[in-house]
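Novice: To convert, note that position 22 of the sequence shown is 22 in UniProt numbering; the numbers rise steadily by one, no gaps.
Don't take each hint at face value.
As the list claims (entries may be wrong) - Just the calculated beta-carbon pair ranges, DEER-fashion:
| # | residue 1 | residue 2 | range |
| --- | --- | --- | --- |
| 1 | Pro92 | Leu72 | 33 to 41 Å |
| 2 | Arg81 | Gln31 | 19 to 27 Å |
| 3 | Met51 | Ser127 | 20 to 28 Å |
| 4 | Asn64 | Gly106 | 24 to 32 Å |
| 5 | Arg81 | Ala103 | 16 to 24 Å |
| 6 | Leu50 | Ala27 | 20 to 28 Å |
No wet-lab data here; the hints were simulated from the structure. Every residue, glycine too, gets a C-beta built ideally from N, C-alpha and C.
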Amino acid sequence: MSMTKALLAASALIVGGAAYADEIGMADYQQYCATCHGVDATGGGDLTQLMTVKVPDLTQIAANNDGIFPMLDVIHVIDGRTGVRAHGGPMPVYGRVFTAEAAEHGTIAAALEARGRVLSIAYYLESLQQ
Numbered sequence: 001m002s003m004t005k006a007l008l009a010a011s012a013l014i015v016g017g018a019a020y021a022d023e024i025g026m027a028d029y030q031q032y033c034a035t036c037h038g039v040d041a042t043g044g045g046d047l048t049q050l051m052t053v054k055v056p057d058l059t060q061i062a063a064n065n066d067g068i069f070p071m072l073d074v075i076h077v078i079d080g081r082t083g084v085r086a087h088g089g090p091m092p093v094y095g096r097v098f099t100a101e102a103a104e105h106g107t108i109a110a111a112l113e114a115r116g117r118v119l120s121i122a123y124y125l126e127s128l129q130q
């Protein structure tokens, strides 16, 4: 993801235009999350047969939390601040992955881009709640 896209995503979130952020979040979700959580986020990804634990249905996060989407908790899980055990090991730490992918932009820019991408995935997941 380019720095321009990350800054546009952050700007879109700030001014309330979550549609663009949803596109980025959806694209990153499909690339990084769908293999385990499924294209539709219901937990039926291609790699689930290799897991030792049930992969959660991400469309039910709010329903399983008294109807409230726990945005900060979701962000912490995605970026790696809160560990999640799956298939015998931790869920990938996407905050680090996204920061490494953007390293060519410099330390501060890479951190901002990573946070924007994590937030975009979280907003995308929020939009899928049933």
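Novice: With reference to the structure, classify each hint as holding or not holding.
Specialist: Hints versus structure:
no., hint, in the structure
1, Pro92 x Leu72: 33 to 41 Å, "violated (20 Å)"
2, Arg81 x Gln31: 19 to 27 Å, "holds (21 Å)"
3, Met51 x Ser127: 20 to 28 Å, "holds (25 Å)"
4, Asn64 x Gly106: 24 to 32 Å, "violated (39 Å)"
5, Arg81 x Ala103: 16 to 24 Å, "holds (20 Å)"
6, Leu50 x Ala27: 20 to 28 Å, "holds (24 Å)"
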